[in-house]
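> Sequence:
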Amino acid sequence: MINITLPDGAVKQYEAGVSALDVAVSISEGLARKVLAAKVNDEVWDLSRPINNDASLKLLTWNDVEGKATFWHSSAHLMAEALEAVYPGVKLGIGPAIEKGFYYDIDLGDRQITEEDLRKIEVKMAELAKTNSKYERKDVSKEDAVKYFTEKGDEYKLELIEGLKDGEITFYSQGGFTDLCRGPHIPSTSFIKAVKLTSIAGAYWRGDEKRKMLTRIYGVTFPNQKELDEYVLLLEEAKKRDHRKLGKELELFTFSEKVGLGLPLWLPKGAMLRERLQQFLQKAQLETGYLPVITPHIGHKNLYITSGHYEKYGKDSFQPIKTPQEGEEFFLKPMNCPHHCEIYKAIPRSYKDLPLRLAEFGTVYRYEQHGELHGLTRVRGFTQDDAHLFCRPDQVKDEFKKVIDLVLYVFKSLSFENYTAQISLRDKDDRSKYIGTDENWEIAEQAIIEASAEKGLSTVIEYGEAAFYGPKLDFMVKDAIGRKWQLGTIQVDYNLPERFELTYVGEDNGKHRPVMIHRAPFGSMERFIALLIEHCAGKFPLWLAPTQATVLPISDKYIEYAKRVEQLLKAKDIRATVDDRNEKIGKKIREAEMNKVPYMLVVGEKEMQDEKVSLRKQAKGDIGMKSVNETIELLNEEIESKRAFE
RNA sequence: GCUGUUGUAGCUCAGGGGUAGAGCACUUCCUUGGUAAGGAAGAGGUCGUGAGUUCAAUUCUCAUCAACAGCUCCA
Numbered sequence: 005m006i007n008i009t010l011p012d013g014a015v016k017q018y019e020a021g022v023s024a025l026d027v028a029v030s031i032s033e034g035l036a037r038k039v040l041a042a043k044v045n046d047e048v049w050d051l052s053r054p055i056n057n058d059a060s061l062k063l064l065t066w067n068d069v070e071g072k073a074t075f076w077h078s079s080a081h082l083m084a085e086a087l088e089a090v091y092p093g094v095k096l097g098i099g100p101a102i103e104k105g106f107y108y109d110i111d112l113g114d115r116q117i118t119e120e121d122l123r124k125i126e127v128k129m130a131e132l133a134k135t136n137s138k139y140e141r142k143d144v145s146k147e148d149a150v151k152y153f154t155e156k157g158d159e160y161k162l163e164l165i166e167g168l169k170d171g172e173i174t175f176y177s178q179g180g181f182t183d184l185c186r187g188p189h190i191p192s193t194s195f196i197k198a199v200k201l202t203s204i205a206g207a208y209w210r211g212d213e214k215r216k217m218l219t220r221i222y223g224v225t226f227p228n229q230k231e232l233d234e235y236v237l238l239l240e241e242a243k244k245r246d247h248r249k250l251g252k253e254l255e256l257f258t259f260s261e262k263v264g265l266g267l268p269l270w271l272p273k274g275a276m277l278r279e280r281l282q283q284f285l286q287k288a289q290l291e292t293g294y295l296p297v298i299t300p301h302i303g304h305k306n307l308y309i310t311s312g313h314y315e316k317y318g319k320d321s322f323q324p325i326k327t328p329q330e331g332e333e334f335f336l337k338p339m340n341c342p343h344h345c346e347i348y349k350a351i352p353r354s355y356k357d358l359p360l361r362l363a364e365f366g367t368v369y370r371y372e373q374h375g376e377l378h379g380l381t382r383v384r385g386f387t388q389d390d391a392h393l394f395c396r397p398d399q400v401k402d403e404f405k406k407v408i409d410l411v412l413y414v415f416k417s418l419s420f421e422n423y424t425a426q427i428s429l430r431d432k433d434d435r436s437k438y439i440g441t442d443e444n445w446e447i448a449e450q451a452i453i454e455a456s457a458e459k460g461l462s463t464v465i466e467y468g469e470a471a472f473y474g475p476k477l478d479f480m481v482k483d484a485i486g487r488k489w490q491l492g493t494i495q496v497d498y499n500l501p502e503r504f505e506l507t508y509v510g511e512d513n514g515k516h517r518p519v520m521i522h523r524a525p526f527g528s529m530e531r532f533i534a535l536l537i538e539h540c541a542g543k544f545p546l547w548l549a550p551t552q553a554t555v556l557p558i559s560d561k562y563i564e565y566a567k568r569v570e571q572l573l574k575a576k577d578i579r580a581t582v583d584d585r586n587e588k589i590g591k592k593i594r595e596a597e598m599n600k601v602p603y604m605l606v607v608g609e610k611e612m613q614d615e616k617v618s619l620r621k622q623a624k625g626d627i628g629m630k631s632v633n634e635t636i637e638l639l640n641e642e643i644e645s646k647r648a649f650e
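So the number in this note's numbering is just where the residue sits in the first sequence, counting from 1, plus 4.
Be careful, since some hints might not be right.
[Claimed, not checked] SDA-like mimics (lysine to any residue), calculated; alpha carbons at most 25 Å apart, straight line:
1. 95 with 174
2. 630 with 645
3. 243 with 421
4. 200 with 105
5. 138 with 22
6. 616 with 644
7. 197 with 123
8. 262 with 376
9. 591 with 253
10. 576 with 610
11. 488 with 371
12. 574 with 282
13. 124 with 229
14. 273 with 259
15. 621 with 245
16. 243 with 610
17. 630 with 619
18. 488 with 245
19. 197 with 156
20. 416 with 282
21. 349 with 365
22. 146 with 170
23. 142 with 94
24. 214 with 371
25. 156 with 206
26. 356 with 517
27. 488 with 146
28. 515 with 439
29. 262 with 325
30. 273 with 619
31. 316 with 405
32. 600 with 517
33. 197 with 32
34. 488 with 207
35. 142 with 36
36. 405 with 429
37. 216 with 94
38. 252 with 623
39. 128 with 214
40. 243 with 271
The set of hints was computed from the structure by calculation and includes no laboratory data.
All chains, please: the whole structure from these sequences, using the hints.
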């Protein structure tokens with residue numbers, strides 16, 4: 005007999021060799037029908053796999069992340085089976101589950117598939133799913149595995165097998181389809197009740213842009229049709245929040261091919277929003293000891309030779325600006341750090357001056373790959389809410405913690421609650437791409453890990469994601485359709501102080517090298533605002549709304565009064581407008597609602613008589629008649645509180 | 001940069017080998033209306049750009065540019 009520990013701590017005894025499915029059956033029939041896979045000692049297993057020793061067991065259903073992943077992984081196999089049926093001779097790359105669904109990379113040879121073909125494949129998948137084929141696991145020797153895929157003529161699978169050790173190769177089969185796979189899988193195809201193949205795209209084999217591009221088919225499946233319908237609805241809703249769409253509708257920003265790709269033009273309302281955000285952070289930074297500086301938009305070539313950026317990015321970036329002076333070249337600044345290093349150097353620094361925190365909303369230009377440009381989230385000209393902290397090595401951790409506080413303050417103020425904090429460290433194996441001593445890297449990596457822990461941040465560690473000059477802590481936020489973007493960032497840099505020969509005089513009267521911390525709580529104004537737009541679906545909190553209130557006269561007769569109310573609001577720093585068009589009140593309200601103006605002040609005969617307005621809140625409706633003064637107080641209280649717009 | 005899809009009025013989109021249409025927005029007039037679209041008239045496009053096929057191209061073919069999705073990249 006063996007002991008199986010369940011998640012609630014209960015320990016039950018079973019015969020050795022019991023399967024997770026047996027355990028599920030012993031608990032309840034209903035559970036046994038729902039269960040997809042099982043977590044055995046923290047490893048996800050097939051339900052049918054025998055458990056021979058004492059173990060902890062968690063039964064995974066559709067409600068578990070791992071349950072869904074298993075379901076989608078099995079769906080990828082089902083799609084592969086359908087693809088082989090529809091396109092005989094298709095070669096298969098890899099087909100994993102992803103956050104929302106799955107994909108399979110395939111080589112179709114000379115054939116091409118279109119969106120309509122996806123419908124055919126969906127039908128085939130549904131048909132195969134109904135056959136209720138079991139997913140069966142089989143251990144295979146390397147020799148047999150190679151033989152199988154050689155006969156099948158699938159060079160991609162053969163390449164994958166090459167990287168595997170004999171004795172740890174498994175095949176999974178369902179229906180007439182067999183795939184090289186570690187597993188695990190759901191018990192049978194009949195669990196898959198609803199199928200949607202979402203898109204076709206190209207993807208390099210093994211993510212290497214020098215290798216062949218395969219066709220990637222994305223899909224998602226569900227255990228019932230209702231969930232699929234809900235998912236489709238959710239996607240449609242998400243698309244309405246897209247910052248590119250809202251940016252156009254709310255007249256926040258635009259792009260012009262004539263001005264240039266990836267160079268945003270901020271319209272008056274967008275500029276208003278952006279300036280509010282900038283002032284908000286500036287205030288917080290002044291309170292925490294940052295010193296504003298201003299530097300030019302270009303820098304001499306020598307600046308970037310010193311910084312090392314010329315060598316690393318010179319050819320792939322905006323090309324130099326020439327001057328009448330023969331051989332003289334300037335670059336548009338791709339970052340603010342070198343300029344700030346020169347500010348540091350302008351004056352001899354003592355250990356007593358540190359940390360020195362130089363802050364600048366600095367606009368930079370980077371020639372991003374054409375295919376990378378994306379709304380405001382990836383552009384070629386953007387403004388960083390940049391600052392560089394020059395400090396002594398013993399101050400790094402403390403400074404780091406202060407920056408974490410600032411980033412969290414910013415996120416909290418804008419109610420970004422669903423962020424992830426990612427610590428990016430060096431690649432575990434390949435260390436050739438990093439500069440600086442192992443010792444300094446160790447210190448910096450430790451400082452970040454400790455500072456994050458002491459601040460109670462729950463972080464994920466990503467190896468190989470560090471910048472070439474130092475480790476970093478990034479704050480990632482998802483956009484409307486689930487793509488992750490980096491917003492706030494804190495990076496430790498031992499490189500630039502070295503290259504610029506920055507020093508300070510220590511207590512010992514000797515010269516020492518400061519450590520530099522790059523940090524940007526927003527990341528960039530552009531990207532932050534993009535995510536903010538999607539986060540609040542264009543309904544900005546009152547303190548940020550470009551127009552905070554609009555006065556809507558019932559008819560021409562009240563325009564004069566409406567303008568007086570507008571002036572009273574403006575005198576109290578409320579951004580107000582008047583809709584004095586010759587339109588009915590219903591239409592004015594409708595448009596103000598669609599423009600997401602937080603407050604509407606309806607004025608007519610009744611209001612004009614005793615300095616009142618009928619107040620209406622966007623998405624909430626009429627909230628009754630109030631005096632102008634009451635209204636101003638109400639709005640200003642909300643502005644002060646920086647409340648999120650509910 | 002790579003693969004695929006798309007490109008018609010300011011916006012959202014329909015159409016289709018014989019030089020174009022809707023709704024919204026815009027302009028003018030009527031209307032002075034109390035909480036999500038009042039009515040009428042008008043203006044607006046050589047159908048992304050260039051070439052080819054054709055008696056004829058916005059429609060077919062090729063190239064190119066841009067947008068979108070994904071990949072690669074991201075100081």
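> Next, verify each hint and record whether it holds.
Hints and how they fare:
1. 95 with 174: Holds - the C-alpha atoms of residue 174 and residue 95 are around 19 Å apart, at most 25 Å.
2. 630 with 645: It holds: about 21 Å lies between the C-alpha atoms, which stays within 25 Å.
3. 243 with 421: Holds - the C-alpha atoms of residue 421 and residue 243 are around 21 Å apart, at most 25 Å.
4. 200 with 105: This hinted pair holds, its Cα atoms lying about 9 Å apart.
5. 138 with 22: holds (19 Å)
6. 616 with 644: Holds: residue 616 and residue 644 sit about 23 Å apart, inside 25 Å.
7. 197 with 123: The given pair, whose Cα atoms are some 15 Å apart, holds under the 25 Å limit.
8. 262 with 376: holds (19 Å)
9. 591 with 253: Holds, at about 17 Å.
10. 576 with 610: Holds - the C-alpha atoms of residue 610 and residue 576 are around 24 Å apart, at most 25 Å.
11. 488 with 371: Roughly 21 Å between the alpha carbons, so the hint for residue 488 and residue 371 holds.
12. 574 with 282: Given that 25 Å is the threshold and the Cα spacing comes to 21 Å, the pair holds.
13. 124 with 229: holds (18 Å)
14. 273 with 259: The hint holds at about 15 Å.
15. 621 with 245: Holds - the C-alpha atoms of residue 245 and residue 621 are around 20 Å apart, at most 25 Å.
16. 243 with 610: Distance ~42 Å between residue 243 and residue 610 Cα, so the pair is violated.
17. 630 with 619: holds (7 Å)
18. 488 with 245: holds (15 Å)
19. 197 with 156: violated (30 Å)
20. 416 with 282: holds (16 Å)
21. 349 with 365: Holds: residue 349 and residue 365 sit about 20 Å apart, inside 25 Å.
22. 146 with 170: Status holds; Cα separation ~5 Å.
23. 142 with 94: holds (23 Å)
24. 214 with 371: The given pair, whose Cα atoms are some 21 Å apart, holds under the 25 Å limit.
25. 156 with 206: holds (24 Å)
26. 356 with 517: holds (14 Å)
27. 488 with 146: violated (38 Å)
28. 515 with 439: Answer holds: residue 515 to residue 439 is near 22 Å, not above 25 Å.
29. 262 with 325: holds (20 Å)
30. 273 with 619: It holds: about 23 Å lies between the C-alpha atoms, which stays within 25 Å.
31. 316 with 405: Violated - the C-alpha atoms of residue 405 and residue 316 are around 31 Å apart, more than 25 Å.
32. 600 with 517: Distance ~52 Å between residue 600 and residue 517 Cα, so the pair is violated.
33. 197 with 32: At roughly 23 Å apart (the allowed maximum being 25 Å), residue 32 and residue 197 satisfy the hint.
34. 488 with 207: With a Cα-Cα distance of about 19 Å, the restraint between residue 488 and residue 207 holds, given a limit of 25 Å.
35. 142 with 36: Satisfied, since the Cα-Cα distance of roughly 23 Å is no more than 25 Å.
36. 405 with 429: Judged against 25 Å, a Cα distance of about 18 Å means the pair holds.
37. 216 with 94: Given pair residue 216, residue 94 holds - Cα atoms ~15 Å apart, limit 25 Å.
38. 252 with 623: Answer holds: residue 252 to residue 623 is near 20 Å, not above 25 Å.
39. 128 with 214: Roughly 34 Å between the alpha carbons, so the hint for residue 128 and residue 214 is violated.
40. 243 with 271: holds (22 Å)
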